[in-house]
Amino acid sequence: MASRDELRIFVRDALVAGKARGEISTVLTGAGWSASEVHDALNAWDETPFSPPIPRPVATVSARDFFVYALTFGLLLIGAFNLVLVLQALVDLAFAEESYGATDLIRWGVSVLIVTAPLYLWLTLRERRKLAEDPALYRSAIRKWLTYLALLFAAMTLLVVLIATVYALLTGDLTGQFIAKALIVVVVAGGIFLFYFNDIRRGDPQ
Amino acid sequence: MNRLFLVGFCALIAAAIGGGLWVVGGPHHARLMTQDADRLAALVDWQNRLRCVDRSDALPASLAAAKACPDTVVLHDDLSPYDAITGEPYVYTRLSDHEFEVCASLALDPQEAWETGRLRADMELRAGNVVCLAGTSAPDR
Chain A
-4 MASRDELRIF VRDALVAGKA RGEISTVLTG AGWSASEVHD ALNAWDETPF SPPIPRPVAT
56 VSARDFFVYA LTFGLLLIGA FNLVLVLQAL VDLAFAEESY GATDLIRWGV SVLIVTAPLY
116 LWLTLRERRK LAEDPALYRS AIRKWLTYLA LLFAAMTLLV VLIATVYALL TGDLTGQFIA
176 KALIVVVVAG GIFLFYFNDI RRGDPQ
Chain B
273 MNRLFLVGFC ALIAAAIGGG LWVVGGPHHA RLMTQDADRL AALVDWQNRL RCVDRSDALP
333 ASLAAAKACP DTVVLHDDLS PYDAITGEPY VYTRLSDHEF EVCASLALDP QEAWETGRLR
393 ADMELRAGNV VCLAGTSAPD R
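Residue numbers (this note's numbering), protein chains in the order written: chain A, -4 to 201; chain B, 273 to 413.
Warning: the hint list may mix true and false statements.
Stated by the list, open to error - Just so you have them, the derived chain B footprint on chain A, three or more residues with Cβ under 8 Å: (1) 73 to 86; (2) 97 to 109; (3) 179 to 188.
Keep in mind that the hints were calculated from the coordinates and are not lab data.
The C-beta atom is built at its ideal place from N, Cα and C for all residues, glycine as well.
Whenever a hint applies, use it, and build me the whole structure from the sequences.
Below is the structure:
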């Protein structure tokens, strides 16, 4: 069974031989390749009438990208969780006369934020500077995956808050304290979602 | 647009850090809270030890004279009649042959000790950050 590399080489050779794209598509479909495989294989070459055919840019994967983006994503996850933790503990203290353990929670959360926030900010600004200098970095597959993962986490968090709010409403527990805590999660998760959504839109102009 | 988000997040994080530190206090405040928690734990230990004294015996004249009770779980193994930080003795008062009171002076407002989970409802708060715990010897016998 032929691999995708062989398919790619076949398409290249066919284009070099001057075959029309429709003709190539027909013979490949007839040989058992699926429509999406044929589309991807043809799409790998620019349609400019130039010989040899010009390859289109492809997504890149590098160990450096994995290190930088996984670290940034991890810092975002830990930082956002602790930001919510601190703000919610402050709300608890504002609403409750005594809140056992809240001060320890705040101390821990503040410690995490003092370490993770500047590091996340530095990594993000550094990466944005690099992206501005070299737009080819937008093609990093790891960057794209982890950005979508951040979007998924943010969207799931927003959904859970929405469900918890409806549940609190139905059980009669929709207090001012609950609303304030839910709003904190919405602001943090919503902000992260919009931030990365804008980012991915900028990287994917199509 | 994203620059605005970054600035907003920085402001939110700064507010969380600033607000958090303002509410919980700095390292010195945290140390004082831990010391107060130890004092309250010592009061509970002394109460347990004195409640262990047999009803047929009178309460000891001083905390130093109180014998350890083998059946009681203590929070401090090295229970001392003196405050470990200030060196001042815990104030022990025999209200009668079988009733007693042990008091400690806290460094902070006793209400803050709620946070440590060591301030109990049966502790009496007095002026000057003094907390007292009363009891009766061998109450269950």
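The hints, checked one at a time:
Restraint check on the region 73 to 86 of chain A versus chain B: 6 residues with Cβ-Cβ distances below 8 Å, three needed, restraint holds. A count of 9 residues in the region 97 to 109 of chain A with a Cβ less than 8 Å from any Cβ of chain B is obtained; the coverage claim is therefore met, three being the minimum. For the region 179 to 188 of chain A, the stated coverage by chain B is satisfied: 3 residues place a CB nearer than 8 Å to a CB of that chain, which reaches the threshold of 3.
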